[in-house]
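Here is how the chains run, residue by residue.
Number of protein chains: 2
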Amino acid sequence: MPLVVVGSVAIDNIETPTARRDNCLGGSATHFSYAASFFTNVRLVGVVGEDWPAEHTELLAKRGIDVTGLSQVTGGKTFTWTGRYEPNMNDRETLEVELNVFGEFDPVLPEDYRQAKYVFLANGVPSVQMKVLEQVPGRRLAVADTMDLWIQTQRDDLEELMRELDGLVLNDSEAKLMTDTENLVEAGHAVREMGPRFVVIKKGEHGAMFFSEHETYVLPAYPTADVVDPTGAGDSFAGGMMGYLAEQDDFSPTTLKRAMAYGTLAASFNVEGFGLERMQTITRDDIDRRMQEYENMLSF
Amino acid sequence: MPLVVVGSVAIDNIETPTARRDNCLGGSATHFSYAASFFTNVRLVGVVGEDWPAEHTELLAKRGIDVTGLSQVTGGKTFTWTGRYEPNMNDRETLEVELNVFGEFDPVLPEDYRQAKYVFLANGVPSVQMKVLEQVPGRRLAVADTMDLWIQTQRDDLEELMRELDGLVLNDSEAKLMTDTENLVEAGHAVREMGPRFVVIKKGEHGAMFFSEHETYVLPAYPTADVVDPTGAGDSFAGGMMGYLAEQDDFSPTTLKRAMAYGTLAASFNVEGFGLERMQTITRDDIDRRMQEYENMLSF
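If you read the sequences in order, they're chains A and B.
Okay, so the first sequence: first residue is -9 according to our numbering, each after it adds one.
Okay, so the second sequence: first residue is -9 according to our numbering, each after it adds one.
Keep in mind that the hints were calculated from the coordinates and are not lab data.
It is possible that some hints are incorrect.
Note: identical chains are not told apart, hence a pair may lie in one copy or across any two.
Lysine to aspartate or glutamate pairs mimicking EDC-like chemistry, simulated, CA-CA at most 20 angstroms apart [to be verified]:
#1 Lys67 / Glu94
#2 Lys247 / Glu285
#3 Lys166 / Asp216
#4 Lys166 / Asp81
#5 Lys52 / Glu237
#6 Lys247 / Asp162
#7 Lys67 / Glu48
#8 Lys247 / Glu283
#9 Lys67 / Glu40
#10 Lys247 / Asp156
#11 Lys121 / Glu101
#12 Lys67 / Asp12
Taking the hints into account, I'd like the entire structure generated from these sequences.
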């Protein structure tokens, strides 16, 4: 089934303890789309400026991602993020953010996108995320990401959105912030009680937790020594997860858990290169081979 | 098979964000013994002072733990630890440490302990841990725990010990400290290359990682909302792990992984009460029931 994603498309400048890479193809919707494209047809909605290199769009189109919904603003500049990772490769400092055309992003879905059953709202202003939901009234599964900034400054809009969502994914620190509790099991269920039928808490190198009314579980990250650039790991996770759900056209508990595992593996490949570099070298077979290793790892 | 453990036996005063408990039965060898006693015969070596309440010894003996090796120093005072947990229940501040008789601990194993095949050296001075090893020349599996203090101040002795060990368990922060690397996969293998055939990195609420020449894996912690007191979680983990290995009298890769899972579950019960309170309420059946849940959690 087609999967619509709405979110940021960006140029990233990334500094790690051992390297620096400028002008990476970045943004949450980009990382999400690329990961999801191994599983299903992805329809991307985003905005870029006149400075956007055509080869970035080609890279996405080559993966079969529908870029009809990627609009380009004449005279505008693309959203740019510059950040530096700490030696632990988990904490990062944002050195510069230029929202540019993304600051005025008012997503309008192409007509054929509006029939979508599977929708992912990458991190963005909650009221804008809500506007997207209104354009896909026949959706079967809508999942969103969010961030600390909206929890702190747009709480009412975010809570209104949460009541319309099937699922919410967020970081461990964001779940704690939203619920004012330090225990992640309590936090996960407290977020769930705010609306979404399920909640996924992303813990970076420590994996991800899942919460529904009758389920609480955690899956570890795939252990890799080869962490080159964590940028977009969370979005790749969501892309692998949602891509698998859309491919299966099912979100029963069993399928959801397998989707969590696919998300975990998509993220594990994503961090093995700058931007989308590592993702460009893999196939669905590579993901499934790693899935076999991952299942073996968790069997005893 | 009998399992010998040598380490601290203590009185703990514990403060959490919501409660305080004084005069808990604590110490690394104590938590280890209690957890291991659900699996195999445990022979404890430790030292206490004249102030040691007889009911604490009875509590251990009631679980079938052999306390012949627990010596009491007339006129001495028992090792006391007082600590306070941060709201995250992971970080803690040591408010007071009185080593007392444990400061002069010179473990001498009773004659019938010296035939042991399974030995665990709970955290202690590396040169003292080494002296214990020399008393069990026929051992089949010797595993030790250590801490940041010895990594920083007794590095040579610790490295000498590590060359004699089959396995080493340590915390994530200690593994990073020992190897000067932030990536835990790299750190685990770097520690392993210093001697032990396998290394276990404990990550607290995020589970534990295992490293041998041909294996690298991570198992998540059992997710519980009911964290009352994390004191002794790492020792309970080691106790569950070693207890299972001794019970099976086998340490093949398959048994080791199952042992890691049992360690994880022993720790999950331990944190659900102050000191050994929760552990006193459970049976082996409770552990096996949770194992079934844990296996289900990791199947998809």
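Do the hints match the structure? See the list:
no.: 1; hint: Lys67 / Glu94; verdict: within (11 angstroms within a copy, 70 angstroms between copies)
no.: 2; hint: Lys247 / Glu285; verdict: both (12 angstroms within a copy, 13 angstroms between copies)
no.: 3; hint: Lys166 / Asp216; verdict: between (29 angstroms within a copy, 16 angstroms between copies)
no.: 4; hint: Lys166 / Asp81; verdict: both (16 angstroms within a copy, 16 angstroms between copies)
no.: 5; hint: Lys52 / Glu237; verdict: within (19 angstroms within a copy, 56 angstroms between copies)
no.: 6; hint: Lys247 / Asp162; verdict: within (19 angstroms within a copy, 27 angstroms between copies)
no.: 7; hint: Lys67 / Glu48; verdict: within (19 angstroms within a copy, 74 angstroms between copies)
no.: 8; hint: Lys247 / Glu283; verdict: both (16 angstroms within a copy, 15 angstroms between copies)
no.: 9; hint: Lys67 / Glu40; verdict: within (6 angstroms within a copy, 76 angstroms between copies)
no.: 10; hint: Lys247 / Asp156; verdict: within (15 angstroms within a copy, 36 angstroms between copies)
no.: 11; hint: Lys121 / Glu101; verdict: within (15 angstroms within a copy, 77 angstroms between copies)
no.: 12; hint: Lys67 / Asp12; verdict: within (16 angstroms within a copy, 63 angstroms between copies)
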